[in-house]
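Start from the sequences and build out the full structure, keeping to the hints where you can.
Note that numbering that gives the first Met the number 0 has the sequence shown beginning at 0, numbered continuously upward.
The set of hints was computed from the structure by calculation and includes no laboratory data. The model shown is predicted, which means the values in this text are computed figures rather than measured ones. Quick reminder that beta carbons are idealized off the backbone N, C-alpha and C, glycines included. Worth double-checking, as some hints may not be accurate.
What the hints assert, rightly or not - Quick list of simulated restraints, FRET-style, between CB atoms: (1) Glu115 <-> Arg66: 14 to 22 Å; (2) Gln220 <-> Gly14: 32 to 40 Å; (3) Lys78 <-> Asp8: 30 to 38 Å.
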Amino acid sequence: MNVIKAQRDQLFEYGPFTIRRQRPGEPLGALAIVDQMTLKPGAVVPMRRHQDDEIFSYVWRGSVQYRREEGETLALNGKRALLVNAGSGVRHEESAPLIESEMLQAYIRPASGGGEGQVQSVYRAEGAALNQWTLLAGPQHSEAPLTLRQAVYIYDVRLDRGAQIEVPHLPGYASWVTVLEGIARTGDVRLQKGDAVSDSAALPAIHGERDALLVAFLVQQDAPAVLSGTLSGS
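Now the structure itself:
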């Protein structure tokens, strides 16, 4: 089991943004980057182009406005998550026009390059389920509401203090679990906001030391992946 503690050297600040960047590395090769960021009121990530990136956006505090060049807009918050399959190209921007917001963005390398760019979202009236993992994104033919162009599954859970939950696992998949808020414990490891834990095998059960919000990624270890993505290829 590999523990990735939230360290100061993972942070960089640019104007109204504070970003903690973690690179999971092998054997989670397709999961290139996991960013946890704070956007102050008025922050704008300006219109830019992505290609061959699978971008999963998850806002757990506040509200972020997502806009495509074509004019389509979506409000991202604790009830709505977003997946961009950039393919041959998508131009978009994000902003936090009203209140300070916190967002996770994961950049995943697709199995192959190109294809039509598309944007998908999932809305849940109650937000993250309590003490039960919810599948948010997965490969084609999975039961996930958001379709990734890679053998990756993404889940979330809101864990009560004192509750314990098993971590999703599939044979041949590596696991990465990150804490977005609260405090959790796995084995003898205490995980706080910004910390993550990973393993190429099944992870131990996670216990809520305080109320916590967790996101889990399962990544097929031998899945082919391209390195031509705007960010995921770096």
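Could you check the hint for me, namely that Glu115 and Arg66 are 14 to 22 Å apart, CB to CB? holds, 19 Å
May I ask you to test the hint 32 to 40 Å on the CB atoms belonging to Gln220 and Gly14? holds, 38 Å
Indicate whether the distance between the beta carbons of Lys78 and Asp8 respects the range 30 to 38 Å. Since the Cβ atoms of Lys78 and Asp8 sit about 33 Å apart, the hinted range of 30 to 38 Å holds.
In terms of the numbered hints stated before, the structure departs from none.
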